[in-house]
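Going down the list, the sequences are from chains A and B.
Taking my numbering, I'd label the letters of the first sequence as residues 1 to 595.
Taking my numbering, I'd label the letters of the second sequence as residues 596 to 946.
FYI, nobody ran anything at the bench for these hints, they're computed from the structure.
Each residue gets a CB set at the ideal place from its N, CA and C atoms; glycine is no exception.
Warning: the hint list may mix true and false statements.
Claimed, not checked - Keeping only pairs whose Cα atoms sit at most 25 Å apart, straight-line, the calculated DMTMM-like set for lysine to aspartate or glutamate is: (1) A:532 / B:827; (2) A:532 / B:620; (3) A:532 / A:485; (4) B:611 / A:526; (5) B:603 / A:444; (6) B:603 / A:577; (7) B:742 / A:503; (8) A:584 / A:208; (9) A:549 / B:831; (10) A:532 / A:514; (11) B:611 / A:449; (12) B:601 / A:450; (13) B:603 / A:10; (14) B:756 / A:503; (15) B:601 / A:10; (16) A:266 / A:342; (17) A:532 / B:876; (18) A:532 / B:840; (19) A:536 / B:647; (20) B:603 / A:485; (21) A:499 / B:831; (22) B:601 / A:526; (23) A:584 / A:539; (24) B:611 / A:514; (25) A:549 / B:789; (26) B:611 / A:450; (27) B:603 / A:526.
As the list claims (entries may be wrong) - For each label pair, taking beta carbons as the anchor points, the in silico distance ranges come out as: (28) A:546 / B:894: 36 to 44 Å; (29) A:72 / B:894: 39 to 47 Å; (30) B:611 / A:287: 30 to 38 Å; (31) A:436 / B:652: 31 to 39 Å; (32) B:652 / A:99: 41 to 49 Å; (33) A:209 / B:611: 49 to 57 Å; (34) A:546 / B:908: 44 to 52 Å; (35) B:611 / A:420: 56 to 64 Å.
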Amino acid sequence: MKPTDIGAPDYLHKVVDCQWACPAHTPVPEYIRLTAAGRYSDAYMINWHSNVFPGILGRVCDRPCEPACRRGRVDAEPVAICRLKRVCADLKDDIRHLLPKPPAQKNLKRIACIGAGPASLTVARDLVAIGYQVSVFDSGKSPGGMMRSQIPKFRLPDSVLDEECGYIINLGVDMHYEHWVNSLRDVLAEGWDAVFVGTGAPRGRECEVPGRLEAAAHIHIGIDWLANVSFGHTTKTEKRVIVLGGGNTAMDCCRSARRMGGEDVKVVVRSGFEEMKASPWEKEDAINEGIPILNMLVPLEFKHDNGKLTGVLFEKVRAEYDAKGRRSLLPTGEPHVLMECDEVLIAIGQENSFPWIERDVGLEFDKWGLPVLNPATLQSSLPNVFFGGDAAFGPKNIITAVAHGHEAAISIDRFCRKRDLLRRPSPLTNLVSQKMGIHEWSYDNNVSEESRKKVPIKAREMTLLDIKLELEIGFDPFLACAEADRCLNCDIATVFTDKACIECDACVDICPTECITFTANSEEDDLRGRLKAPAKNLDQALYVSGTLKTGRVMVKDENICLHCGMCAERCPTGAWDMRKYFFKTAAAGAEAPRK
Amino acid sequence: MTYFAKPKLLRPDTPKNALGYTRRDYEGAISSLCAGCGHDSISAAVVQACFDLDIQPHRVAKLSGIGCSSKTPDYFLGNSHGFNTTHGRMPSVLTGAALANRDLIYLGVSGDGDSASIGIGQFAHAMRRGVDMTYLVENNGVYGLTKGQFSATADKGSKNKRGVVNTDSPIDLVALALQLGATYVARSFSGDKEQLIPLIKGALRHRGPAFIDVISPCVTFNNHAGSTKSYDYVREHNDAVNRLDFILPRDQIEASYAPGELRRVVQHDGSILLLRKVKTDYDPSDRVGAMNHLQERHALGEIVTGLLFVDSASESMHRHLNTVEKPLNQLHDAYLCPGNHALAALNASLR
Numbered sequence: 001m002k003p004t005d006i007g008a009p010d011y012l013h014k015v016v017d018c019q020w021a022c023p024a025h026t027p028v029p030e031y032i033r034l035t036a037a038g039r040y041s042d043a044y045m046i047n048w049h050s051n052v053f054p055g056i057l058g059r060v061c062d063r064p065c066e067p068a069c070r071r072g073r074v075d076a077e078p079v080a081i082c083r084l085k086r087v088c089a090d091l092k093d094d095i096r097h098l099l100p101k102p103p104a105q106k107n108l109k110r111i112a113c114i115g116a117g118p119a120s121l122t123v124a125r126d127l128v129a130i131g132y133q134v135s136v137f138d139s140g141k142s143p144g145g146m147m148r149s150q151i152p153k154f155r156l157p158d159s160v161l162d163e164e165c166g167y168i169i170n171l172g173v174d175m176h177y178e179h180w181v182n183s184l185r186d187v188l189a190e191g192w193d194a195v196f197v198g199t200g201a202p203r204g205r206e207c208e209v210p211g212r213l214e215a216a217a218h219i220h221i222g223i224d225w226l227a228n229v230s231f232g233h234t235t236k237t238e239k240r241v242i243v244l245g246g247g248n249t250a251m252d253c254c255r256s257a258r259r260m261g262g263e264d265v266k267v268v269v270r271s272g273f274e275e276m277k278a279s280p281w282e283k284e285d286a287i288n289e290g291i292p293i294l295n296m297l298v299p300l301e302f303k304h305d306n307g308k309l310t311g312v313l314f315e316k317v318r319a320e321y322d323a324k325g326r327r328s329l330l331p332t333g334e335p336h337v338l339m340e341c342d343e344v345l346i347a348i349g350q351e352n353s354f355p356w357i358e359r360d361v362g363l364e365f366d367k368w369g370l371p372v373l374n375p376a377t378l379q380s381s382l383p384n385v386f387f388g389g390d391a392a393f394g395p396k397n398i399i400t401a402v403a404h405g406h407e408a409a410i411s412i413d414r415f416c417r418k419r420d421l422l423r424r425p426s427p428l429t430n431l432v433s434q435k436m437g438i439h440e441w442s443y444d445n446n447v448s449e450e451s452r453k454k455v456p457i458k459a460r461e462m463t464l465l466d467i468k469l470e471l472e473i474g475f476d477p478f479l480a481c482a483e484a485d486r487c488l489n490c491d492i493a494t495v496f497t498d499k500a501c502i503e504c505d506a507c508v509d510i511c512p513t514e515c516i517t518f519t520a521n522s523e524e525d526d527l528r529g530r531l532k533a534p535a536k537n538l539d540q541a542l543y544v545s546g547t548l549k550t551g552r553v554m555v556k557d558e559n560i561c562l563h564c565g566m567c568a569e570r571c572p573t574g575a576w577d578m579r580k581y582f583f584k585t586a587a588a589g590a591e592a593p594r595k
Numbered sequence: 596m597t598y599f600a601k602p603k604l605l606r607p608d609t610p611k612n613a614l615g616y617t618r619r620d621y622e623g624a625i626s627s628l629c630a631g632c633g634h635d636s637i638s639a640a641v642v643q644a645c646f647d648l649d650i651q652p653h654r655v656a657k658l659s660g661i662g663c664s665s666k667t668p669d670y671f672l673g674n675s676h677g678f679n680t681t682h683g684r685m686p687s688v689l690t691g692a693a694l695a696n697r698d699l700i701y702l703g704v705s706g707d708g709d710s711a712s713i714g715i716g717q718f719a720h721a722m723r724r725g726v727d728m729t730y731l732v733e734n735n736g737v738y739g740l741t742k743g744q745f746s747a748t749a750d751k752g753s754k755n756k757r758g759v760v761n762t763d764s765p766i767d768l769v770a771l772a773l774q775l776g777a778t779y780v781a782r783s784f785s786g787d788k789e790q791l792i793p794l795i796k797g798a799l800r801h802r803g804p805a806f807i808d809v810i811s812p813c814v815t816f817n818n819h820a821g822s823t824k825s826y827d828y829v830r831e832h833n834d835a836v837n838r839l840d841f842i843l844p845r846d847q848i849e850a851s852y853a854p855g856e857l858r859r860v861v862q863h864d865g866s867i868l869l870l871r872k873v874k875t876d877y878d879p880s881d882r883v884g885a886m887n888h889l890q891e892r893h894a895l896g897e898i899v900t901g902l903l904f905v906d907s908a909s910e911s912m913h914r915h916l917n918t919v920e921k922p923l924n925q926l927h928d929a930y931l932c933p934g935n936h937a938l939a940a941l942n943a944s945l946r
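Could you build the full structure based on these sequences and the hints that come with them?
Spelled out as structure tokens, the structure:
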């Protein structure tokens, strides 16, 4: 193998698994260290710059970082990254003086954002901060989009939403509430310099089986029903409720129904328990609230008595996989199952819908009804129209919408300044030694052996009575510190200087996870099998040095390095050093590097 | 953070031996030696050897004298018996322990100062008595604890860190061990674990005195140009006579060798030493030949390593002294005091 170039922009970034997995590339270990140090405001601002909604995401993020966390590969569970984010949001001081000050002199470019959800608000924040005039249009009475309408208040209180949307709006965003945009043509005619579409995936998928129309009064589409609950239009449910679907919306539906009078609430899913789209922790929360999840059942018919829903008939199925791994659900042949109920909530998926975009306005759509976009720039076939969030590539999650918002803001800025959109500004990276003394590092390298801390919650009986009462209390500073200590500091990179190495084997001997091997060089496949501990995780890179004096090379398997720095402590020549890798995504307004 | 314990987190696929222990279970406290010390590599080799041999930690007694080398038993086999004796006196304390309990595996750890200077008499007698032990010398050619004076194994003409030339003749402990009757004699290098680990395994399973001289560079005081015990010098002048594969009786011999390439030695416990030829035709069963070869190569400035001599029909001190097989702590009162009739019978036999 060729010597690894750790200067390549992605190499060390990939070692920081959580940050790499985060769509917005939040510098996770950095804010966790600041949280442990009690510097909550600083930790909050790191989050705020990169993911815009730390308090919100600290409660409801899909947490792609946690399954990626290296701790999960050497310990039972990953670090509670998401809930540590909430800690810095909960415990911070007033941070308003730390927010950017938009320039007094505006640049006279006017941008329209359609929808006031996470993607639009991110675009607005990024652009207002550098002098753009941004107007946001939304049909609702308040900002937040699906974060406000679809996420139940017991998971995300309005106060948090108001605070974090407020930080953005108060930068000087021109908000237009209760403004239903019904024509893109009209919007374009208003002469905006650019238009950003962040209207989400607002249509819940239908379950068209017999009885749907007849019993319609007792059957609701999940996301619409959640919005009605959220805004107080729906205040109670029937006693016996069936929720169809296995995603996070289904979990929100069943848990909301449980708090609104539903005594016998159950979730019925076509797929098996493991394949359900809902996050494991959301399933766990539902089960903990006494909601059974029934799997491998496909709805056949809504049974009703003259329009009064009486139950749902299900067919039992089993999963079968073909050679390509595609699943089909085949009937088991067992008798159908009739479940009695008084109300059904359908949460089997969401779809995009752009009824307000005229199909002859020049904007291309693909066969799935999604806009044709350049995935790198989020620009549509109309050069001044950009998309982001669920509206761009179908339903994803909030953190992806935020990441889209950042990219779209960069594109819009470059578009308005007539720059090449495909040439993107580079991220800011930095690599600095953390050595302070012979055995002293500027980070806590003593690896905690504690297990993941549970987030304290309020008494379930109490929270089941009040849909607005937030269930989780959040970590207190002591729990937060103990949990933060579990972080392995993967951004403190092990950097090897081959010229300084005397091949004394000290690093090999001390490494607690046997990551380091000195051996003859060869091709990657062969090398992976010959290491002191075979490197079986192909997603994780091998760090290969240049040829050493004995003709061998140093090979380090990045997979389960604990970043404890013991190799560097035991190295007599400083060939190993622990250096902090800081990676910050580019922000709108930054220049692209010269060719 | 200074000298914290090694994190206990393990990789999920950490191998376990037949006893269900991981390699980490054979480690000891965290080393307080200088970073890069060859001794730490030797400790790691002992750990690996004991792990591979499925040794029950409580069946090992590790004894040492004084010095950097003699601190190392604290850094491996944390669950074994240990005795840190006075300077140079490890061999006699170990001899006593071995006489009292022959069921344990005895590992003596010493250094060039501990064995070639103050303890040379002890070393000599342990070898000639045939004590059943593994005698490891961690040989760096300097007194590291007292800031790098030449030790008795430093080569004549080699330079210390300040450039002063050594004028005294060196003691070669391997040559002494051969002459004094050790039945398993090897030399190795801390920077070559592929060679060292099998040598330690063979020694631990050898009956009789097994001596291994391990050249172990002192990174702080003896790893400069002009030293003959530096990483660079040893790598350049390492003249291995053979490569050893250690095979337990239960294991299949998987590697295939060309005929004539291999010498096979079966030890008393059935374990097999497979010696691969490296360069010359070297006969490790020939004690005199080994001594000659050692002298010849030494005159050329080469460092002979590998398994230099092994006597597969070796005997130990217990046989010579006709000692009791049971450990003394298991001999009950009735056995130790057989009573009046036994005394009467003995007296009668002498009349």
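To see whether the hints hold, each was checked on the structure:
1. A:532 / B:827: 24 Å, holds
2. A:532 / B:620: 17 Å, holds
3. A:532 / A:485: 28 Å, violated
4. B:611 / A:526: Given that 25 Å is the threshold and the Cα spacing comes to 24 Å, the pair holds.
5. B:603 / A:444: Holds. Residue 603 of chain B to residue 444 of chain A sits at ~16 Å (cutoff 25 Å).
6. B:603 / A:577: Within the cut-off at roughly 22 Å; holds.
7. B:742 / A:503: 23 Å, holds
8. A:584 / A:208: 47 Å, violated
9. A:549 / B:831: 11 Å, holds
10. A:532 / A:514: 6 Å, holds
11. B:611 / A:449: 21 Å, holds
12. B:601 / A:450: 15 Å, holds
13. B:603 / A:10: 30 Å, violated
14. B:756 / A:503: 20 Å, holds
15. B:601 / A:10: 30 Å, violated
16. A:266 / A:342: It holds: about 12 Å lies between the C-alpha atoms, which stays within 25 Å.
17. A:532 / B:876: This hinted pair is violated, its Cα atoms lying about 32 Å apart.
18. A:532 / B:840: 18 Å, holds
19. A:536 / B:647: 22 Å, holds
20. B:603 / A:485: Since the Cα atoms of residue 603 of chain B and residue 485 of chain A sit roughly 15 Å apart, the hinted pair holds (cutoff 25 Å).
21. A:499 / B:831: 18 Å, holds
22. B:601 / A:526: 30 Å, violated
23. A:584 / A:539: Status holds; Cα separation ~23 Å.
24. B:611 / A:514: 14 Å, holds
25. A:549 / B:789: 18 Å, holds
26. B:611 / A:450: The given pair, whose Cα atoms are some 23 Å apart, holds under the 25 Å limit.
27. B:603 / A:526: Violated. Residue 603 of chain B to residue 526 of chain A sits at ~29 Å, over the 25 Å cutoff.
28. A:546 / B:894: 36 to 44 Å: 37 Å, holds
29. A:72 / B:894: 39 to 47 Å: Taking Cβ atoms as reference, residue 72 of chain A and residue 894 of chain B lie about 60 Å apart, which means the hint is violated.
30. B:611 / A:287: 30 to 38 Å: Holds - the Cβ-Cβ distance for residue 611 of chain B and residue 287 of chain A, about 35 Å, lies within 30 to 38 Å.
31. A:436 / B:652: 31 to 39 Å: 37 Å, holds
32. B:652 / A:99: 41 to 49 Å: 60 Å, violated
33. A:209 / B:611: 49 to 57 Å: The hinted range 49 to 57 Å holds for residue 209 of chain A and residue 611 of chain B, with Cβ atoms some 54 Å apart.
34. A:546 / B:908: 44 to 52 Å: 50 Å, holds
35. B:611 / A:420: 56 to 64 Å: 58 Å Cβ-Cβ, so the 56 to 64 Å window holds.
In terms of the numbered hints stated before, the structure departs from hints 3, 8, 13, 15, 17, 22, 27, 29, 32, listed from lowest to highest.
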